[in-house]
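Visitor: Given next are the chains, with one letter for each unit.
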Amino acid sequence: MTSNYQADHYVAPIDETPLLATDSVRTDQAPLSLWAEAWRKLRRRPLFIVSALLIVLLVVIALFPGLFTQVAPNDNCDLQFSDGAPTAGHPFGYTFQGCDVFSRVIHGTQASLSVGVLSVIFVLVIGVTLGALAGFFGGWLDAVIARLGDIFFALPLVLGALVITQLPFFKDNKSVWTVVMVIVLLAWPQMARITRGAVMEVRNADFVTAARSLGVSRMGSLLRHVLPNALAPIIVLATMELGVFIVAEATLSFLGIGLPGSVMSWGNDIAAAQPSLRTNPAVLLYPATALSITVLSFIMLGDALRDALDPKSRQR
Amino acid sequence: MIQYVLRRLLQVIPVFVGTTLLVYYMVFALPGDPIAALFGDRQPNPAVIAALRQQYHLDEPFWVQYGLFLKNLFTFNLGNDFTGQPIAATLGRVFPVTAMLAIEALVIQGVFGVAAGLFAGLRKGKLFDSTVLIASLVVIAIPTFVLGFVLQLVVGVQLGWAKPTVGSDASWGTLLLPAFVLGLVSFAYVLRLTRASVIENMNADYVRTATAKGLSRPRVVLAHILRNSMIPVATYLGANLGALMGGAIVTEGIFNVPGVGQKLYQAILRSEGPTIVAIVSVFVLIFVVANLLVDLLYAWLDPRIRYDK
Amino acid sequence: MRFARTSKALGMVAIAALALSACGAGGGTSNGSGSAAGDPNKVITAYSNEPQNALLPANTNEVYGGRVVELLYEGLRAYDANGKPVNALAESIESPDGQNYTIKVKTGTKFTNGEEVTAKSFVDAWNFAALSTNLQNNGTFFESIEGYDDVSAVKTEKGADGEEKDVPAPTAKTMSGLVLRDDSTIQVKLSQPEADWPLRLGYSAFYPLPSEAMKDPKKFGEDPVGNGPYKLAKEGAWVHDQSISLVKNGDYSGPRAAKNGGVTFKFYTDPGPAYTDIQANNLDVTDVLPTNALRTYETDFPENHLNKAYAGNATLNIPVYNPNFQGEAGKLRRQALSMAINREEITKVIFNGTRIPAKDFTAPVIDGYNENVAGSEFLKFDAAKAKDLWAKAEAIKPYDASKPLQLAYNTDGGNKEWIDAVANNIKNTLGIQAEGQPFAKFAEILNLRKSKTLPGLTRAGWQADYPSLYNFLGPLLKTGSSSNYEGYSSPEFDKLLKEGLGAKSTDDANKKFAQAQEVLFKDLPNLPLWYQARQAVWSQNVTNVDSGWNGVLQYYNITAK
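So the protein sequences, as listed, match chains A, B and C.
Note that our numbering has the first sequence beginning at 64, numbered continuously upward.
Note that our numbering has the second sequence beginning at 106, numbered continuously upward.
Note that our numbering has the third sequence beginning at 105, numbered continuously upward.
Please note that a few of the clues may not be correct.
[To be verified] Below, a list of computed lysine-lysine pairs in the DSS-like style, where the Cα atoms sit at most 30 Å apart: (1) C/Lys435 to C/Lys489; (2) C/Lys322 to B/Lys176; (3) C/Lys507 to B/Lys176; (4) B/Lys268 to C/Lys352; (5) C/Lys210 to A/Lys237; (6) C/Lys214 to C/Lys338; (7) C/Lys338 to B/Lys268.
Quick caveat, the hints were computed from the structure, so don't treat them as lab data.
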C-alpha cells in the first residue's frame, strides 16, 4: 500500500483505508467515560504492567530498605576499602570513602524517589492549573500568569536555593521538603508554559466548539475536553523532569544547600563520585543506573497513559 | 497585531520591577557581610570594612539601595562591582559569549531533537525509537560534569580534534563542544516532546485527509504532522533559550567559558547585589522577547490561534 | 560538579595573604629534569584566576593577584626557597634595641617608567597603605610602627540605618615612627620592641611605589608600574576575566632575573580544565590540581610534576562556647576527637600523599619547627585511647547527642572529601553521630564564627605571610587576635608569645614559641590536621618548575624547552 502513496491523484478504495473502522460506531453499548476507558485499556498493556511493577518495587525499596540489605549504609565506612572492588557481601564494591555502594544505592532510594515524585506532583498541580487557566481564558489572566512565571523563571537557581534554605523554618532542618520547595518554586513556570501552549492549541478544536455549543460550561469544557487532549506534552515533561529533579538535588546538596550529608540519596552519591572520575568511574555507574531505571519506568508509564488517553487512537 | 506586540512589550515593565525587586531583596536577605568575606580569615581595620560598605551603599536600608539601582540604571551607569570593575563592561564581555553558546546549543538541540523525535514518533516501538529512549535516559542520568569531562578528555586530549577549553578565544568553533554538552539534556526533552506530538498527530483527521488526498509521504510528514506537532516544542525551545542565556555554571566551568553563568554564580557567592541584579535585568528582557516570539510562532504554526481580538 | 574557583580566592586564600617568593643567588633548585637553558625569550603560560583587586601591592591579599604583584615588584628583602630572608633592595637593616631600625636602601635602581627607586618610594608607599582613608587591604601590616594608631584611627558614627558603625577618621596623614632621613635612609620606630619585625619586610605590603601610583591609585592598579623582574606587556595587558600578560623587565638586576621571555597568566574559574589543557599541551604550568587528579597526576605526568610542602596548615577549630567541649570533660573530648582522626590514612587515601600529617600547630618549612613538642602524641591516631578518653569525659558530664556533631566547610575548596572522611573517623571510633555541614558561601561560615554561633566545629587553615612561628600562633590563638574567632584565651600562652617576640635571638624566641605550643597541646583549641603541599604539573614545553617556601611557583625560573 505504501508504494501507492507516491501517485499524485490516487485515491484509495474505501476498504483499503482505516476510515471504515474509524467511522463505525458500536451502538449496542454505552460509551465509557474517558478515564474508565483509559483504565480498561491500560490494564491490558504490557508496557503499563512492567512499568507499574517496577515502580511498586522502587516504592517497596524506598519504604523498607532493610529488606534488601543488611549492611548499614553510612556506618563503618573505612578508608582502607576506598574505591575497592566488589567482595563477598558487597556486590557493588566500595565508594571513595570506603562505604558499601550497594547499601547506599538501596538506602538512597527513599530520598531520591521522594524528591523526584513530590517535586513533579507539586509542579504538575501548580504548573498545569495556572498554565491551563492562562491558555484557556487568555486576556489579562494569561498576561498576569505568564509574567509571574517570567519573574520566577528569571530567578537564578542558586540564589533562590540559598535564600530559601535561610528561612527560619528550613535553616536548622534541611530535609527532602526544603529541596522540593526550591525545585518547585523554580520549575513550575516551565510546566505552566507547556500546558498553556498545549491548551491554546486544543481550545480552538472543533470538538471543543461542539461541546460548548451543546451547552457545556467553560470550566467543564476545559476540564473534560481540552485538558485530556492537551496531556501529551505535559506527561512527557513531567516524566523527564522526574529524573532531572533527582539530579538537581545532587547539585543543590553539593553546593551545601540541599540534603545534609548524612541523608543518603543517589544525587549525593553521583556528586560524591566526582573525585573518583579518573580512577574508578564504576562508583558512578550504580546510582546513575538506579536513576535511569526509575526514569525509564516513569517514562514507560507516561507513554502507556498517553496512549490510553489519546481519543484519536481510541478503538472499540 | 502590532498593538498586541506593543502591549506585550509594555509588560516588560512590571516583570522587570517584580524580578529586580525580588532578586535584590533576596541578595539583601542573604546572611553574612559580603565585604568582610572579601578578606577571608585576615580581617583588615574595621574602619576599612565600614568605609567599603559605605562606598557600595551596603549600609543603606533596602529601599534606598534599590532606588539607587534604578537611578543608576536610568542614567546608564551600572556602577562597580566589589572588585572595582565597572559592571557594564563585565556584562558587555560575558553576554556575547553566552549568547553564542546558547544559540549554538539551541540549534543543536532543535535540529537533532526534532529530527530524532520525528523518526522515533513515526516508527513508534521500533528499534530506532527504543534506541533514542535509552539515549535520553543516559543523558538524563549521567550528570553534566561527567559527560562534559569525558567529552573534553576524549575529543580535546586523546583525539586532539579541538582545544579542550575555550578561555579567551571564544568563537563559534571553540564553543561547539561545550554547546554540544549543554544541548544534550534539552535534546532529550525536545526529542520526547516531538515524538509524543507526532504520535498524537499521526492519527489526526487532517493527516488522513492529506494522505487520502494523495499527498506524498514527505509532504504529509513535514507540512502536516511536523508543523502541527511543533507547538510544545516551540514553547520548550523558547523557554530554554531563556534558561541557556542564564548561563550554565557547570558546563562553563568545565570548558572554562568566560560567560554569564560563572559570573552570576560568583556574584551570588559574593552577595554582589548590583552585579546580580544587572545580569537578571538582561534576563528579563530576553525572556519577555523570547516568549513573545514563541507566541507569535504559535499563530503561524496553528492559524486557529489568534491574538488580535 | 566542581564550581567556580574564583570564590576559592576568597575562601582558601583568604586564609592568608601571600608573601614574596624565593630569591637569592641560584635560588630555585632545579627539579632534576635537566637545566637546559632553552629559549630565554619564549613566553610561558600559567594557570591563574582574575585578581580580586586593583594591582597595588598593599591592596592585594589573595593568591591570584599576589603572584602577579610579586613578579612586578622588588622589596627591601626577599625570602629564599627555604624561607630565609635575604636583603634585596636593602643595603642594611640595623637596630640597637629591636625597636628602632635604620634601613639603608640600595641606590641606582629604577621603576619601569624611569623613576628612580629611593627611600622615599618606600616611605610614601607605606604611609599610603597605612592611612585608613585609602582603604588598602593590607594596611594592618604596618600596625607595629609607631603612629599607626593615628593614621588608622576610627570614630563611631550613626549610619543611615540607625546602626552605629566605625568610619575612618585618621588624626594624622603619616606615621610618626616612619621617618625619611635622606634619599637612601629610612628610620623606623616601632611602638614596642619586636625582634622579628625585619622578617616581615619581604612581604608584598612593604613594596615601594612610584609617585604616580598615589595620584590615581585606581588607574595605576589597572596598569601597574613596578621595579621587579617583569613588567606588563603593554597598557591594558590585564584583560579582565581572561588573562594578564607580563614580559621580562630588561633593566632588572636583582636576584630573581627572569629566565623566560615573559609569563602570561590565563584565568580559569576551575582547576579541572587547566589540568586538561596541560595534558593537551595547551597550557604550560598549573599549580592547582582538581580533586579527581590527585590520584593520577603522578602517572599522567611521570616527569613533569611537583609535590612539595610549604608554610601552610589545615585545622579543625573547636569553639570555646560549645557546651559539649567546655570544662574538664570538654578537654578530654577534644583529646578524644584528635586521637580519633586517622591523619596518616586520610592524607594517604584521600589526598594521595599531597598533604603531610600535622605534628604541631605551625608548619615544617619554618625556622624553629619542632615535631616533638611535648603533647604532640595527641595528634596520633589511637582508637582505644580515644574511646577511653571519651568514656572518662562521659563519666564527668554526659555528651549532648541530640544533634549530630557538625563539621562546617565551604563547598568551593575541595573540602567535602576529607570532611566526610573525618566524620566517618569520629563516628567509627567514638560512636557518636557526625556529619559535614556544607556552606556555599564562605561569608556564611565567617559570619557564624564572628557572631560566635557556630553549631559545631569548623575547618580552618592558615598560610604564612612571612616565615615565622609567631605568624602561625599570634594572629590565630592569642587572646582577642583578629583571626581568633573561636575565642580561645590562655594567659599562659599569651605570656610566652610576648616573651618570644621580645627575645634577643631567634633561637631564644623559638624556644619560647615551643613552650607556648606545649600549652596549646594541653588545651587543644583546634585540632591540627595536616600541612599543605604544593602540587604542580607542567607541559612538555617547559622545565625547571619549582615552588618557594610559601607554595608560590618561582615563575621567573621556568624555562622553555
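Visitor: All hints, please: hold or fail.
Guide: The hints, checked one at a time:
1. C/Lys435 to C/Lys489: 14 Å, holds
2. C/Lys322 to B/Lys176: Holds, because 24 Å separates the two Cα atoms, which is no more than 30 Å.
3. C/Lys507 to B/Lys176: Not satisfied, since the Cα-Cα distance of roughly 48 Å exceeds 30 Å.
4. B/Lys268 to C/Lys352: The hint holds at about 28 Å.
5. C/Lys210 to A/Lys237: 62 Å, violated
6. C/Lys214 to C/Lys338: 18 Å, holds
7. C/Lys338 to B/Lys268: Answer holds: lysine 338 of chain C to lysine 268 of chain B is near 27 Å, not above 30 Å.
Hint compliance for this structure: hints 3, 5 are broken, all remaining hints hold.
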